[in-house]
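Chains as they are written, first to last, in our numbering: chain R, 31 to 514; chain L, 46 to 575.
Just so you know, the hints here were simulated from the structure itself, not pulled from any lab data.
Each residue gets a CB set at the ideal place from its N, CA and C atoms; glycine is no exception.
A few of these clues could be false.
Anything over 10 Å on all C-beta distances counts as not near chain R; from chain L, calculated [stated by the list, open to error]:
no.	residue
1	Asn297
2	Lys392
3	Gly441
4	Lys531
Quick list of in silico lysine to any residue cross-link-like pairs, SDA-like style, CA-CA up to 25 Å [claimed, not checked]:
no.	chain 1	residue 1	chain 2	residue 2
5	R	Lys98	L	Arg291
6	R	Lys221	L	Thr289
7	R	Lys221	L	Val280
8	R	Lys303	R	Glu266
9	L	Lys174	R	Asp184
10	L	Lys321	R	Ala242
11	L	Lys119	R	Gly335
12	L	Lys207	R	Lys275
13	R	Lys275	L	His106
14	R	Lys303	L	Arg291
15	R	Lys195	L	Met162
16	L	Lys349	L	Tyr68
17	L	Lys551	L	Glu498
18	R	Lys221	R	Leu371
19	R	Lys309	L	Gln122
These are the residues of each chain, in order.
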Amino acid sequence: MYLPCPVVQNIKVSCTSWKCALEDVAWIISAPAYHLILEGILILWIIRLLFSKTYKLQERSDLTVKEKEELIEEWQPEPLVPPVSGDHPALNYNVVSGPPSHNIVVNGKKCVNFASFNFLGLLDDPRVKAAALVSLRKYGVGTCGPRGFYGTFDVHLDLEDRLAKFMQTEEAIIYSYGFATIASAIPAYSKRGDIVFVDRAACFAIQKGLQASRSDIQLFKHNDMADLERLLKEQEIEDQKNPRKARVTRRFIVVEGLYMNTGTICPLPELVKLKYKYKARIFLEESLSFGVLGEHGRGVTEHFGISIDDIDLISANMENSLASIGGFCCGRSFVIDHQRLSGQGYCFSASLPPLLAAAAIEALNIMEENPGIFSVLREKCKRIHKALQGISGLKVVGESFSPAFHLQLQESTGSREDDVKLLQEIVNHCMDRSIALTQARYLEKEEKCLPPPSIRVVVTVEQTDEELERAARTIKEVAQAVLL
Amino acid sequence: MLNQLRHPGSPEVHHVTQNGGLYKKPFNEAFEETPMLVAVLTYVGYGVLTLFGYLRDFLRHWRIEKCHHATERKEQQDFVSLYQDFENFYTRNLYMRIRDNWNRPICSVPGARVDIMERQSHDYNWSFKYTGNIIKGVINMGSYNYLGFARNTGSCQEAAAKVLEEYGVGVCSTRQEIGNLDKHEELEKLVASFLGVEAAMAYGMGFATNSMNIPALVGKGCLILSDELNHASLVLGARLSGATIRIFKHNNMQSLEKLLKDAIVYGQPRTRRPWKKILILVEGIYSMEGSIVRLPEVIALKKKYKAYLYLDEAHSIGALGPTGRGVVDYFGLDPEDVDVMMGTFTKSFGASGGYIGGKKELIDYLRTHSHSAVYATSLSPPVVEQIVTSMKCIMGQDGTTLGKECIQQLAENTRYFRRRLKEMGFIIYGNEDSPVVPLMLYMPAKIGAFGREMLKRNIGVVVVGFPATPIIESRARFCLSAAHTKEILDTALKEIDEVGDLLQLKYSRHRLVPLLDRPFDETTYEETED
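All chains, please: the whole structure from these sequences, using the hints.
This is the structure we're talking about:
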């Protein structure tokens, strides 16, 4: 074989010796010599490529170390928190000296309490206190662990049992914080890709639960079933376009029994009809209606006479009617048991202190023994609702039987800040006249649908008829003085 | 899959000299590498369990085996199913087998000894029945009772009882409306003086303190640098805030520094705008690893790069430091260097709730913008009183030396227990001074076996597996307490030794030589009279 380039004779000599070696090898391998040479060249080329330096693309921002250091020097972060002006309306809290019971001492003034959610007056009930005291003497205060790690006490199991029996469901689960209850329950079931239809007036805890779930949120107008049906129909059309996806997309409707932000009741019978028609599950948040509505205080399902099995999950906090701390969810075991491993606020948080659970059990006992108090409470609500009608400048927002309703300005001044100042003046004057009221507080930048500023009025069974009338009169007089 | 193996080579022991005097005393933290054979056997174990899981699911689907778990209502069968089958595969087939090790109900104070209600299951843990017996005097190595304040007698309980009778139990309102009691103001002043900060604010739930306040501090356009092994509440808070989250390797300062440098130099992704602020989220003691954060280095980095530091001292407040003021005290640093000091009252104070401490501007801002202050109920008065009394006790303000003694007892217990376990040959993770002691089990069958064997011997332990830990690193976690006396610890150690031999748990290849004289000498801390 001859090399194709014009090679000098001496190389030819060395080539011949190579050629002999190659031919020997070729004979051994029984392949043509030129084939071996070609392969050899390729192998050498590969070895060269492996050991050569890699070719780096020039980075667009090819900064030197010095430039990086300069950038680090120059960067100025914002302050950790923006400064809060000294006269921010929410900065200086009202200080309550002593228990926030019916006769409350706020900022040194003795008042009748129209602001705490103590609907059934169980906050200073001696039986509840005695039960809590017995529990304190037996268990101490804290539970020192989450439910999974020696934080489950027999009191918790008792309370869950009692709540399930009271609400006539299969199972109940308790949380140690009211806010965390619905905020942990929703993300346990609804994940990314699922669809949740929620009312515009839903409370902040529901909004946080929805945000944590990363699901697709569809808001419908407050209590407007036609709007909800429209959204459901649109979703149905989407489903028909993509049936495969529709088969794995869960749907939920989240509503409150009595809305905290508006005091109105949800139209549950229509919701249940929509549920079966469009195959969406209902989650009902009953913080305000538990222990208020219904013949036995079981909430909005009893009020409308709907079977509790039709509602997939009922969540409520024990901080209103039960005058304790914490919250619970109840429903069928199929639904509730899942939260024991997926509810974040249940698994990763210490359990409810036993004295608070014992207080809740005793409060339940009292509720079961006197089922008459619920109608008494509703009567008082209707009374004051009627008495507050016709105040010039303020309008009553909420159902007549809702124990927590709002007084909003009939005509806004134009700026929210001024509205808030005006209402605060009314509240301050009422406090001077021994009626403790408060404005409904919201986080203005965080709420999805910010309600207008309002004064919250809360009715409890402990308020006597004269106190109710005095309150109505005081509010009327103060409103007239301030707004005109 | 072999990336699960930790730090190749010998166990890392870090000393002070590496960082030019940032640390005032030795920082001994070790995470021994998983032995290769054990790792392989663990994977094999999980593989076998998974196969059996598929088999059982198949049998259940075809109704050959009875289905024990609850099913959907007949009327709702045509709804989209609430749970995906594969989501609950782990729960149905692995967790159910050893479910009796968790959620054990107790019926006494969660102190050094506890009474457990006996449960029995006749259908392999699908349902439990209470036999009515109570297993009395079980040694409690699972409750977070670091300073022993979980008591139903004593000054804390009496003070709480008095406040209960006066104030009742509930509050029925939020802080900004009419739920701000004088007791809360008292508590917040005390917490601020305890921590050495300008002001503090208290909340009703430790979990909610994180998930509701981190969104108030950072938002879109901010960067959160979060440790790999942060608690679920920190992760949830970071997610809800809407800020960008970047994770750095657990307790790894080089990883953190690289992230900080890159963040400042390159800015936000795509737009290259500078970040508004950078928040570093770390914990004092990590409860699954038993490791302590490298706070001096974190603070040095934070100062250099002008980031803000959020320190979650849920487990370390009260448990670390010569005066019990947490990890800042442990390293001898200035509390003003930490921008946001967060902690909980559940572990060392025997109560419930959380707090945040820091500069007055921070607390003023949180008072107006924290989600918890606006929408969530405030702390219950007897709980507040428990915190106040126990905190005064720790600070020594109640006139006794009980607080100091508890802190010293806890430190001694920690040292002793960890040393003895290492001498026996177990693999123990974490820092020498951390009262959280994880003992490695690795294999899935041993998780259940360890929990049950220890209960047979009257010791209650906590075992953890996936998903709280990486899949092959299941462990038993002991939480030491100042209420544990030397006798209790010795009994526990003896039983752990026995069970360790029975289950072949002594994996360590770096046994410590046992000291001839026990360091746990009662005379060490007696006051000498001058």
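So, going through the hints one by one against the coordinates:
For L/Asn297, the condition that its CB be more than 10 Å from all CB atoms of chain R holds, with the nearest at approximately 20 Å. For L/Lys392, the condition that its CB be more than 10 Å from all CB atoms of chain R is violated, with the nearest at approximately 7 Å. Listed as outside the interface, L/Gly441 is consistent with that label: its C-beta sits roughly 21 Å from the nearest C-beta of chain R, beyond the 10 Å cut-off. No Cβ of chain R comes within 10 Å of the Cβ of L/Lys531; the nearest lies about 22 Å off, and the non-interface call holds.
For the hint linking R/Lys98 to L/Arg291, the alpha-carbon distance of about 20 Å falls within 25 Å, and the restraint holds. For the hint pairing R/Lys221 with L/Thr289, the CA-to-CA distance comes to about 20 Å; that is within 25 Å, so the pair holds. Only pairs whose Cα atoms come within 25 Å are accepted, and R/Lys221 paired with L/Val280 is accepted, the gap being roughly 16 Å. Note on R/Lys303 and R/Glu266: the hinted pairing holds, with a Cα-Cα distance of about 16 Å set against a maximum of 25 Å.
At roughly 13 Å between alpha-carbon atoms, L/Lys174 and R/Asp184 fall within 25 Å of each other, so this suggested pair holds. Restraint check for L/Lys321 and R/Ala242: satisfied, since their Cα atoms lie roughly 23 Å apart, inside the 25 Å limit. Taken as a hint, the L/Lys119 and R/Gly335 pair is honoured in the structure, with Cα atoms around 21 Å apart against an allowance of 25 Å. Taken as a hint, the L/Lys207 and R/Lys275 pair is broken in the structure, with Cα atoms around 60 Å apart against an allowance of 25 Å.
At roughly 23 Å between alpha-carbon atoms, R/Lys275 and L/His106 fall within 25 Å of each other, so this suggested pair holds. Simply put, R/Lys303 and L/Arg291 have alpha-carbon atoms about 46 Å apart, too far for the 25 Å limit, and the pair is violated. With a CA separation close to 22 Å, the supplied pair R/Lys195 and L/Met162 stays within the 25 Å bound. Note on L/Lys349 and L/Tyr68: the hinted pairing holds, with a Cα-Cα distance of about 17 Å set against a maximum of 25 Å.
About 16 Å separates the Cα atoms of L/Lys551 and L/Glu498, which keeps this hinted pair within 25 Å; it holds. The hinted pair formed by R/Lys221 and R/Leu371 meets the criterion: a straight-line CA distance of about 15 Å does not exceed 25 Å. Taken as a hint, the R/Lys309 and L/Gln122 pair is honoured in the structure, with Cα atoms around 10 Å apart against an allowance of 25 Å.
Checked against the numbered hints given earlier, the structure breaks hints 2, 12 and 14 and satisfies all the rest.
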